[in-house]
Amino acid sequence: MNELAALFLRAAFVDNMPLTLFLGLCTFIALSRRTGSAVGLGIAMIAVLGVTVPLNNLIYHALLAPGAWAWAGSPGIDLSYLALIAFIGVIAATVQLLEMVLDRFFPAVYASFGVFLPLLTVQCAILAGSLFMVERDFDFVESTVFGLGAGTGFAVAVIMLGAIRTRLSYANLPEGLRGLGITFIIAGMMSLGFSAFAQMVAS
Amino acid sequence: MSSQPRLWTTFTEPLIRQNPVTLQILGICSALAVTTSVATALTMSASLTAVLVMSAGIISVIRNHIPSSIRLIVQIVIVASLVIVIDQLLQAYLFEISQRLSVFVSLITTNCLVLGRTESFARHNPPGRAMIDALGNGLGYSLVLILIGSLRELFGAGTLLDWQLLPTVDQGGWFTPLNLMLLAPSGFFLLGGLVWAIRSLLPEQVEAGEFTPPETGEDGA
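Residue numbers (this note's numbering), protein chains in the order written: chain A, 1 to 203; chain B, 1 to 221.
Just so you know, the hints here were simulated from the structure itself, not pulled from any lab data. Some hints here could point you the wrong way.
Said to hold, decoys possible - Ranges between beta-carbon positions, derived for each pair:
# : chain 1 : residue 1 : chain 2 : residue 2 : range
1 : A       : 109       : B       : 203       : 22 to 30 Å
2 : A       : 200       : B       : 170       : 39 to 47 Å
3 : A       : 135       : B       : 13        : 49 to 57 Å
4 : B       : 147       : A       : 3         : 39 to 47 Å
5 : B       : 66        : A       : 71        : 36 to 44 Å
6 : A       : 200       : B       : 61        : 31 to 39 Å
7 : A       : 104       : B       : 182       : 46 to 54 Å
8 : B       : 146       : A       : 2         : 42 to 50 Å
Stated by the list, open to error - Facing chain A, a subset of chain B residues (Cβ under 8 Å, in silico):
#  : residue
9  : 109
10 : 169
11 : 191
What the hints assert, rightly or not - Residues of chain A placed beyond 10 Å of chain B at every Cβ, according to the derived structure:
#  : residue
12 : 82
13 : 126
14 : 163
As the structure is a prediction and not an experimental result, all values here were calculated from the model. The beta-carbon is built from N, C-alpha and C at its ideal position, and this holds for glycine as well.
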């Protein structure tokens, strides 16, 4: 149990997706202009990562990993090079399915997600979640915790950035720095702050 | 006849004026993650440009046959297949660098730059133009990567392409490496500074402020 909690914290803060691993930065920067859209994006990230990482884990271990076809009498088959294409397919299908289910049963939640859900198909952080799952050899429970943790970390970071940018729109910045430039510099400072979390796990 | 200059601008515009990283906010993730040394930045730029040009060509050839409702899936599958090929090539011939790039080669699949260009340009243009546009964008992306990569490697380790330019203190020289340059935050700072520099030179790129501070007029107040 303790190990799972540590894994969650590690995925959320130490290996924070946008700030320390540079993943999902395009949406991180593009959708953090307002706090409202940042909250929507954060919730969508938690939901999609929490579903796709364990699902891809099942598929990888049942079909693609080296030796996965041993039960069929051919232990030599290694399909792991197909992982990328399988993961993308699963992510696209999950996002589509999640959209339909939410639309049908929880229209209020669906409305708050807005356009962010379909966008997440092509978000590098989501695919990276699944690729890290393979690289670090997680089992099913671990990958669920990892997915939820990584999503939470992304949500925290994007909501913070959204809040700071809302305040900054009233600041009188040098012209060339407005918008994109200052956003990068703020993200750099947040990244400095988050690097302090690395000490938390190391000790 | 008149298409000649326009082809040329299609190629040169994305190099600096419409640069994918600093203006279109596309492909930032990999631009920061792989720039701790010039070698990885070069490999990444070459892989991305190759994938971008080939996928733009393929998608542009079949652009009239893809139903628009499933176009995203079709595009992603084409890009993912090309990325698998590149990934296997890198593992076969440049194993050491491919280890250092880790998942980032696979992540070219979801690089917004590739899908952004195929979605907004290759889908509406004939193969020749689409590939030239892709090449321009790929080179614009490479320019930014190589610039940031050389800065980070030079000041973070005193080397350039593993070639010792600034003798470090460990080796009896005078240069103390700035460790911050090899960590995540410096990537953000450098890119922010680069955007600032470009926008100071090209003022038409400046974003309009959402809120104008009140003028302090001559009548005091």
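In ascending order, which of the hints set out earlier in this document are inconsistent with the structure?
1, 2, 3, 6, 10, 12 and 13
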